[in-house]
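Heads up: the protein sequence lines correspond to chains A and B, in order. Here the first sequence stands for residues 1 to 207, where the numbers follow the working numbering. Here the second sequence stands for residues 208 to 436, where the numbers follow the working numbering.
If you're looking for bench data, these hints aren't it; they were derived computationally from the structure. Just so we're clear, the structure is a prediction, and the values are computed from it rather than from any experiment. Fair warning: there could be bad hints in the mix.
Here are some chain B residues the structure puts well away from chain A; computed CB gaps all over 12 Å [stated by the list, open to error]:
1) Asn-285
2) Gly-360
3) Pro-427
Dumping the calculated PhoX-like pairs for lysine-lysine here, alpha-carbon to alpha-carbon at most 20 Å [said to hold, decoys possible]:
4) B:Lys-433 with B:Lys-282
5) B:Lys-315 with B:Lys-409
6) B:Lys-419 with B:Lys-409
7) B:Lys-253 with A:Lys-95
8) B:Lys-409 with B:Lys-433
9) B:Lys-290 with A:Lys-87
Here are the in silico distance ranges between beta carbons for each label pair [to be verified]:
10) B:Asn-318 with A:Leu-11: 54 to 60 Å
11) B:Leu-233 with A:Asp-92: 55 to 61 Å
12) B:Ile-249 with A:Val-73: 45 to 51 Å
13) B:Ser-223 with A:Ile-159: 45 to 51 Å
14) A:Val-73 with B:Ser-368: 39 to 45 Å
Note that the Cβ used here is the ideal one computed from N, Cα and C, for glycine as well.
So the chains spell out like this:
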Amino acid sequence: MSNLKNLTGPLSANNPVIVQILGICSALAVTVKMEPAFVMGISVMVVTAFANLVMSLLRNGIPSRIRIIVQLVVIAALVIIVDQVLKAFVYDVSKQLSVYVGLIITNCIIMGRVEAYALGNKPWDSFLDGIGNGLGYAAILLIVAFFRELFGSGTVFNIRIIPESWYIANGGFYSNVGIMLFPPMALIIVGVIIWVHRSFNKDLQEK
Amino acid sequence: MAKFNVNSNAYIIIYSVVMVVVVAVLLAVTSLSLQERQGENILNEKRQQIVKALGENPAAVSYSDVVAESVMLDKSGNKIEGKTDADIFAALGDLTASFEAGEFPIFKAANGCVVIPVYGAGLWGPVWGYVALEPDMNTVKGIVMDHSGETPGLGAEITTSKVQSSFVGKTIFEGENFVSVSMRKGGATNNHEVDAISGGTKTCDGVNAMIKSGIEGYLPYINANKSNK
């Protein structure tokens, strides 16, 4: 099953965020809480999958001179549809994600996969490649958001993990780590993830 | 397919036209089919902000539990008859126009408090909010503010409960004179002021102007109901 490799490759060995270092910007912005990170991950996955599918279906008919424009139109249209759907069904989350949904258009993962993969491969393979890369992106977002929400707010998916009675305000000894809520901490966590990941994958280490 | 020259000018133009039309139709259909739901969400958010301004938790109590009636006032503070709830919420969508037209939406709570919508300009874009007054029409019961593009960590702090709760209990009248509540740089000095946000002075100025000019339009109504007490 070579198809399966399209799906599982981007999860670890070829992860878009920690190996290809694409899409870092939104990874910093939407990972304060698990919920927006989850919705953002799903949104990006939908867009990468369908952008890959559509571009792969069109690949033989696209005039190469306007190739990039066609890609942009397809991706932008998909992102607008996702944005509209979010506004209609998960309004609160869509407010939290604000401009970052619109900025999926500029997410390097999507254009990168369309240009590097979908234009030269069959629709089904491309679709799986899109899903795989979206999942890889979502996985990193969720890992980062897990640590940021747990230590920054004491919750996971808005469910309280660290008991209220531990907090100094309630006579305990614990206090939330404020810096976790700021973007630089996301960068540091992504850095730590890359470090751990490479120490297990020796072939990725630069000499 | 292969017989076509996919790089000829005619093909490129036709391709672009077809693509744009297809995408336009697709987006129009999506937008139209989701419009109703999105409108409902926006309306719901306004209702929740009104509930929040009254100091209640929107997750626990619903709009209809707290707000007894919504009324449209004219310039002299009298009720304009024949305005439905939908008209009043539509007016919230473009408050500037509705103020200019001499229409002032107000929300009366069951416990005698009133909620006044206000609208103004921050540093980068519009700011808006709801001011709730106690039945004495003088004390601020609560305030909710939102913005579209103020700087996170500075001006955008106006959306935090820390800033908004500092307005609670402040008074808008000094004796008989309307003085509004304002955010003062350097710290509050009396009961008509709250602390401004460091680094967010321009936004605070916008908020001050918003609250003052917003409440001013309702003064005839406020004065009439204040003297009753």
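Hint by hint, here is what the structure shows:
{"no.": "1", "hint": "Asn-285", "in the structure": "36 Å, holds"}
{"no.": "2", "hint": "Gly-360", "in the structure": "9 Å, violated"}
{"no.": "3", "hint": "Pro-427", "in the structure": "35 Å, holds"}
{"no.": "4", "hint": "B:Lys-433 with B:Lys-282", "in the structure": "17 Å, holds"}
{"no.": "5", "hint": "B:Lys-315 with B:Lys-409", "in the structure": "32 Å, violated"}
{"no.": "6", "hint": "B:Lys-419 with B:Lys-409", "in the structure": "15 Å, holds"}
{"no.": "7", "hint": "B:Lys-253 with A:Lys-95", "in the structure": "14 Å, holds"}
{"no.": "8", "hint": "B:Lys-409 with B:Lys-433", "in the structure": "32 Å, violated"}
{"no.": "9", "hint": "B:Lys-290 with A:Lys-87", "in the structure": "29 Å, violated"}
{"no.": "10", "hint": "B:Asn-318 with A:Leu-11: 54 to 60 Å", "in the structure": "56 Å, holds"}
{"no.": "11", "hint": "B:Leu-233 with A:Asp-92: 55 to 61 Å", "in the structure": "26 Å, violated"}
{"no.": "12", "hint": "B:Ile-249 with A:Val-73: 45 to 51 Å", "in the structure": "28 Å, violated"}
{"no.": "13", "hint": "B:Ser-223 with A:Ile-159: 45 to 51 Å", "in the structure": "50 Å, holds"}
{"no.": "14", "hint": "A:Val-73 with B:Ser-368: 39 to 45 Å", "in the structure": "43 Å, holds"}
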